[in-house]
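Line by line, the protein sequences are chains A and B.
Position one of the first sequence corresponds to residue 23 (the working numbering), numbered consecutively onward.
Position one of the second sequence corresponds to residue 10 (the working numbering), numbered consecutively onward.
Think of the hints as simulated: they come from the structure by calculation, not from any bench.
Note that the coordinates shown come from a computational prediction; the quantities given were computed from them, not determined experimentally.
C-beta atoms are modelled at their ideal positions from N, C-alpha and C, and glycine is treated no differently.
Among the hints, erroneous ones may be present.
Said to hold, decoys possible - Residues from chain B that keep clear of chain A, each with C-beta distances beyond 10 Å, as calculated: (1) Thr-14; (2) Ala-22; (3) Gly-24; (4) Gln-47; (5) Asn-63; (6) Ile-72; (7) Thr-108.
To be verified - Straight-line distance between alpha carbons at most 30 Å, and here's what the computed DSSO-like set of lysine-lysine pairs gives: (8) A/Lys-31 to A/Lys-44; (9) B/Lys-78 to A/Lys-62; (10) B/Lys-78 to A/Lys-63; (11) B/Lys-12 to A/Lys-60; (12) B/Lys-118 to A/Lys-60; (13) A/Lys-41 to B/Lys-12; (14) A/Lys-60 to A/Lys-75.
Claimed, not checked - Cβ-to-Cβ under 10 Å is the rule here; a few derived chain B residues that face chain A: (15) Pro-16; (16) Met-19; (17) Cys-21; (18) Ala-26; (19) Ser-50; (20) Gln-51; (21) Ile-56; (22) Thr-92; (23) Val-94; (24) Tyr-96; (25) Leu-107; (26) Phe-109; (27) Gly-111.
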Amino acid sequence: DTEVTQTPKHLVMGMTNKKSLKCEQHMGHRAMYWYKQKAKKPPELMFVYSYEKLSINESVPSRFSPECPNSSLLNLHLHALQPEDSALYLCASSRLLAGVYNEQFFGPGTRLTVL
Amino acid sequence: DAKTTQPTSMDCAEGRAANLPCNHSTISGNEYVYWYRQIHSQGPQYIIHGLKNNETNEMASLIITEDRKSSTLILPHATLRDTAVYYCIASNNAGNMLTFGGGTRLMVKP
Numbered sequence: 023d024t025e026v027t028q029t030p031k032h033l034v035m036g037m038t039n040k041k042s043l044k045c046e047q048h049m050g051h052r053a054m055y056w057y058k059q060k061a062k063k064p065p066e067l068m069f070v071y072s073y074e075k076l077s078i079n080e081s082v083p084s085r086f087s088p089e090c091p092n093s094s095l096l097n098l099h100l101h102a103l104q105p106e107d108s109a110l111y112l113c114a115s116s117r118l119l120a121g122v123y124n125e126q127f128f129g130p131g132t133r134l135t136v137l
Numbered sequence: 010d011a012k013t014t015q016p017t018s019m020d021c022a023e024g025r026a027a028n029l030p031c032n033h034s035t036i037s038g039n040e041y042v043y044w045y046r047q048i049h050s051q052g053p054q055y056i057i058h059g060l061k062n063n064e065t066n067e068m069a070s071l072i073i074t075e076d077r078k079s080s081t082l083i084l085p086h087a088t089l090r091d092t093a094v095y096y097c098i099a100s101n102n103a104g105n106m107l108t109f110g111g112g113t114r115l116m117v118k119p
């Protein structure tokens, strides 16, 4: 299994809703990532998990809350989002050996619309 | 991470080689050059990476200049399915932070 899966594919939510995005990989990768991509812009790194621990947070607002319950799963919990948070949310994973991160495998993304 | 500069867009005829340039004049000695591409409405896909030497795999070749200030990604026989945005990234030596720039939109035409 050489793919990263993300659910749901599409999500529409109101500003008062709480929702979660899910990402899964079964490649044995010990690094997992969340990116945000606005329309016609490049992806922007949000969070990096290394060995299930948060290692990088790129100054992301607290309304985005990541969670890594085990080495195969990565969640992004969403609460009180704003319309400007509408974007494609991409998950990625990579091998991690002796502090070196290998190439990243990306999922297809969740397209989020905040009304 | 070093900043990279790429042309905004390029065209290539189907079956011909596509040569995509990238400038990274401020790259440091331990930063790798990574190439990813993103086909419309999909997640980015890893293509190739290198440090100093030229690299080749089943998808592409990467030519890095001796001074490491620039590189070229070569798709030897472009097909219509290679139409995508191609990102050149100079990554930190740990490889855990990819800072995507604007990329080059490659259009392969019949």
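Closest C-beta approach of B/Ser-50 to chain A relative to 10 Å, hint status = holds (8 Å)
Does the interface hint hold: is B/Gln-51 within less than 10 Å of chain A, judged Cβ to Cβ?
-> holds (6 Å)
Closest C-beta approach of B/Cys-21 to chain A relative to 10 Å, hint status | At about 21 Å, which exceeds the 10 Å cut-off, the nearest Cβ of chain A leaves the hint on B/Cys-21 violated.
Taking C-beta pairs only, is B/Ala-22 more than 10 Å away from all of chain A?
-> B/Ala-22 clear of chain A: closest Cβ-Cβ about 26 Å, beyond 10 Å.
Keeping to a limit of 30 Å between CA atoms, is the pair of A/Lys-41 and B/Lys-12 held or broken?
-> Violated. A/Lys-41 to B/Lys-12 sits at ~35 Å, over the 30 Å cutoff.
Go through the hint on B/Pro-16 and say holds or violated, using the shortest Cβ distance to chain A against 10 Å.
-> Where the cut-off is 10 Å and the nearest Cβ of chain A is about 15 Å from B/Pro-16, the hint is violated.
Quickly compare the C-alpha distance for B/Lys-78 and A/Lys-62 to 30 Å and report which way the hint goes.
-> holds (27 Å)
Holds or violated: is the Cβ of B/Gly-111 closer than 10 Å to a Cβ in chain A?
-> holds (6 Å)
Taking the closest Cβ pair, is B/Phe-109 under 10 Å from chain A?
-> holds (4 Å)
Classify the label on B/Gly-24 as holds or violated, using whether its beta-carbon is more than 10 Å from each beta-carbon of chain A.
-> holds (28 Å)
Is B/Lys-118 close enough to A/Lys-60, meaning Cα to Cα at most 30 Å?
-> Distance of about 27 Å is within 30 Å: holds.
Would you check whether B/Ala-26 satisfies its interface hint, that is, whether its CB is within less than 10 Å of any CB in chain A?
-> Violated, because the Cβ-Cβ distance from B/Ala-26 to chain A comes to roughly 23 Å (cut-off 10 Å).
In this structure, the hints that do not hold are numbers 4, 7, 13, 15, 16, 17, 18, 22, in rising order.
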